[in-house]
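Protein chains in written order, with the numbering used here: chain A, 2 to 423; chain B, 2 to 423.
Source of the hints: derived by calculation from the structure; they are not laboratory data. Any given hint could turn out to be false.
Said to hold, decoys possible - Stretch-level coverage of chain A by chain B, calculated; a stretch enters the list once three of its residues show a Cβ under 8 Å from a Cβ in chain B:
#, stretch
1, 129 to 137
2, 142 to 148
3, 218 to 225
4, 238 to 249
5, 347 to 354
Said to hold, decoys possible - When the alpha-carbon atoms are kept at most 30 Å apart in a straight line, the in silico DSBU-like pairs for lysine-lysine are as follows:
#, chain 1, residue 1, chain 2, residue 2
6, A, LYS344, B, LYS126
7, B, LYS252, A, LYS344
8, B, LYS344, A, LYS154
9, A, LYS344, A, LYS36
10, B, LYS36, A, LYS252
11, A, LYS344, A, LYS37
12, A, LYS6, B, LYS126
13, A, LYS344, B, LYS421
14, B, LYS126, A, LYS99
15, B, LYS344, A, LYS126
16, B, LYS126, A, LYS412
17, B, LYS344, A, LYS421
Claimed, not checked - Footprint (simulated), chain A over chain B, 3 or more residues, beta carbon under 8 Å:
#, stretch
18, 55 to 67
19, 198 to 208
20, 344 to 356
Model, not experiment: these values are computed from the prediction. Glycine is no exception: its CB is placed at the ideal position from the N, C-alpha and C atoms.
Number of protein chains: 2
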Amino acid sequence: MEEFKLSLTDRSGNLTEAEIAAEMAVHAGLLERVKKGETEYRESLGWLDVSVWGGEPWISRYESLAREVQAQADVLVVIGIGGSNQAARAVAEAIGEKSGVRLVWAGNSISAYEIGEVIRQIRGKRVYIDVIAKNFETLEPGIGFRALRAFLKEQYGEDYRRHVICTGTEGASLHALCEKHGYTFLPFPQEIGGRFTALSPVGLFPLAAAGMDIRALVQGAQAMRDRLMREEGKENTALRYAAVRNLLYRKGYRMEMLSFFEPRFFRFAKWWMQLFGESEGKDNLGLYPLFGNFSEDLHSIGQFLQEGTPVIFETFLEARRSGASLMLRDDDVEDGFEYLNGKDFDEVNRVACAATMQAHAERFPCLQISVDAMDETAFGQLFYFFFFSCYLSARMLGVNPFNQPGVEAYKVNMFRFLGKTK
Amino acid sequence: MEEFKLSLTDRSGNLTEAEIAAEMAVHAGLLERVKKGETEYRESLGWLDVSVWGGEPWISRYESLAREVQAQADVLVVIGIGGSNQAARAVAEAIGEKSGVRLVWAGNSISAYEIGEVIRQIRGKRVYIDVIAKNFETLEPGIGFRALRAFLKEQYGEDYRRHVICTGTEGASLHALCEKHGYTFLPFPQEIGGRFTALSPVGLFPLAAAGMDIRALVQGAQAMRDRLMREEGKENTALRYAAVRNLLYRKGYRMEMLSFFEPRFFRFAKWWMQLFGESEGKDNLGLYPLFGNFSEDLHSIGQFLQEGTPVIFETFLEARRSGASLMLRDDDVEDGFEYLNGKDFDEVNRVACAATMQAHAERFPCLQISVDAMDETAFGQLFYFFFFSCYLSARMLGVNPFNQPGVEAYKVNMFRFLGKTK
């Protein structure tokens with residue numbers, strides 16, 4: 002797998018290769034333990050082996066259910082929030098529409114306006130829904146399911162139940178609803194936390210319904226796993242990424258910005274934010290994960306990056322082939338942009354990226370992660386790479402990568418205010 | 002103007018009212034100087050007096066041009082980036098579609114895929130464009146104009162020129178193009194920097210074309226101006242906001258998160274980020290401006306806010322009436338959400354906001370800015386409030402609020418890589 006690259010550009014003098022090598026050496030033992038079969042956190046390491054939820058017969062199951070949905074529906078409404086929808090949405094919005102059903106996202110807010118917009122979008126269409134929730138006490142998918150259930154009942158009467166798929170924990174409340182009402186059930190992996198579920202029914206089934214090549218996605222992840230298991234401590238790509246971010250944190254950086262020049266990476270960046278923010282943001286520690294949607298955001302926060310409080314470093318994310326092309330044609334209007342004649346937008350965008358990284362690297366270290374194309378294989382690589390490196394990074398920071406005790410505080414208040422008694 | 006409120010909730014003990022009062026007292030003189038007619042930065046203070054670009058006859062001019070566009074077109078493509086499109090986009094995306102033309106946004110990226118999407122969206126529609134650029138050397142609007150010009154020429158032949166409006170600096174290159182090719186020209190105010198132009202042709206004309214009530218918007222801004230000019234130093238709302246942020250910066254906070262439970266505030270938050278990021282992010286200083294699109298983002302970065310590195314405080318933004326309503330109906334499915342029966346989504350969303358602020362205020366100070374409704378009047382108030390308080394805040398920090406020297410670095414590289422010679 003030559004196409005996935007991690008590189009470092011730094012002219013700031015704030016980070017040396019010797020420091021990185023030393024940091025990697027300190028944690029080489031952790032990497033070895035993970036390779037040999039870590040015992041700590043074993044109950045949350047289900048994502049380590051891609052072949053469990055991403056192998057046959059599961060893939061066949063997702064694909065056959067996807068074919069059923071494609072035959073019966075125009076739209077699949079995915080009802081989920083956080084780890085339950087971000088991975089699928091990241092891939093779907095980056096790759097764009099394919100031959101399958103259109104995916105619509107709901108259950109990720111409590112806004113009456115937003116849910117109204119979803120209903121407006123799907124009216125008159127043939128609709129299936131996939132309700133995804135590890136713990137079906139979460140408010141947003143709960144009320145999203147209610148709103149969409151009412152819509153389906155209006156359209157299909159009691160037959161509505163054939164249009165409902167639920168992805169939940171086996172034996173828990175959502176599973177019980179499926180049994181009772183005859184909805185289709187897919188299991189939410191118990192040994193994988195929400196933000197690590199991209200390569201399970203949570204991420205793979207909606208993508209299959211949209212017509213994505215989920216076999217390529219899983220193969221990309223598997224190839225990344227093979228590579229990371231093969232690479233020795235001092236050359237391991239994930240360990241290097243984790244080492245750099247921990248070093249920079251200790252040097253006083255407080256934010257890592259995932260920057261990209263292809264706006265279609267926006268939802269992937271949101272996925273990445275959750276992964277790192279929830280895994281590391283605890284015990285008063287952690288780099289805050291940000292994103293830079295360039296070039297647009299250069300015109301708002303570029304100034305701060307270049308001259309503001311020096312607490313941000315960047316990781317640029319690039320797909321070397323965007324799959325889009327548009328020539329800059331000349332015409333009779335002398336608009337001052339003649340130097341662009343005959344150039345492709347895509348080439349110009351690539352130049353803007355290189356120019357930005359060079360400018361920013363004068364001030365702080367810039368990492369770059371580069372994949373071959375904006376396709377399923379690349380997203381498989383990216384998911385697995387970030388899972389693995391996030392796990393290493395959180396361990397190096399000294400925190401539990403898999404819990405999120407801090408998200409309960411507002412929920413306790415909310416349930417109390419809303420009069421929930423149990 | 003009772004409806005605009007700024008309040009502070011803090012149970013963290015990290016900020017006292019006595020400290021705020023002292024900070025405000027230190028800078029009361031600055032406020033007085035601004036009220037009396039500041040002389041420093043005079044060349045960039047054109048936004049202080051709303052009546053210049055937001056009074057008659059300008060409003061009539063924007064409205065009559067808007068009527069022309071509405072009569073001839075279905076869509077107005079706004080070609081601009083950063084300060085040239087964020088304010089209009091903030092209002093348009095928050096309020097939603099009105100009776101005017103649909104606004105489509107272009108010239109804010111270099112992505113070939115994005116510009117292709119714009120062309121795909123407008124094909125078959127009757128189209129006008131508004132090219133907005135203070136300095137028409139900026140790459141994104143330059144190539145956006147080229148792409149849309151080619152589209153218009155295909156549709157209308159040489160008559161295409163009647164579909165082009167340009168908003169640029171008088172006497173500069175975009176103005177010259179208008180004269181030569183017969184495009185309609187609107188002036189970009191010379192005495193207002195890009196990020197302060199919401200209440201000028203830059204922000205107001207596209208909104209008028211979309212059918213927004215720009216008179217209400219300007220009146221909201223004027224009412225805020227009147228209030229801020231009236232309020233004495235120790236009770237001045239803008240001075241209080243500026244004082245709190247500067248105090249918290251000195252106490253070690255490095256990020257201010259603008260948080261909201263109405264996803265439609267997303268583009269307003271982007272506008273706010275540019276305003277504060279570019280105005281304060283210099284001389285190695287400044288709070289980094291972030292946003293929290295809740296409740297969705299609570300499921301990704303809520304953990305970090307509650308337990309991560311303690312460098313973030315929040316300002317909640319709320320519209321007390323969202324204008325949307327949707328009752329949570331009960332049905333025969335016992336889904337565990339019976340405690341919501343008979344409640345309105347909108348009420349639940351408000352409870353979620355209060356619960357979150359209460360939980361977060363245990364850890365860090367939380368400000369709240371509350372407006373009456375998601376309407377033009379409120380956005381007028383918000384624009385002026387943030388202009389004024391950002392100006393005060395940057396002055397208190399000791400930086401020039403109006404320049405952005407740091408954004409040049411990547412442009413120099415880019416122009417060199419692209420072979421631009423002058």
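Here's how the hints hold up against the structure:
no.	hint	result
1	129 to 137	violated (count 1)
2	142 to 148	holds (count 5)
3	218 to 225	violated (count 0)
4	238 to 249	violated (count 0)
5	347 to 354	holds (count 5)
6	A:LYS344 x B:LYS126	28 Å, holds
7	B:LYS252 x A:LYS344	50 Å, violated
8	B:LYS344 x A:LYS154	20 Å, holds
9	A:LYS344 x A:LYS36	47 Å, violated
10	B:LYS36 x A:LYS252	43 Å, violated
11	A:LYS344 x A:LYS37	51 Å, violated
12	A:LYS6 x B:LYS126	43 Å, violated
13	A:LYS344 x B:LYS421	13 Å, holds
14	B:LYS126 x A:LYS99	25 Å, holds
15	B:LYS344 x A:LYS126	28 Å, holds
16	B:LYS126 x A:LYS412	47 Å, violated
17	B:LYS344 x A:LYS421	13 Å, holds
18	55 to 67	violated (count 0)
19	198 to 208	violated (count 0)
20	344 to 356	holds (count 10)
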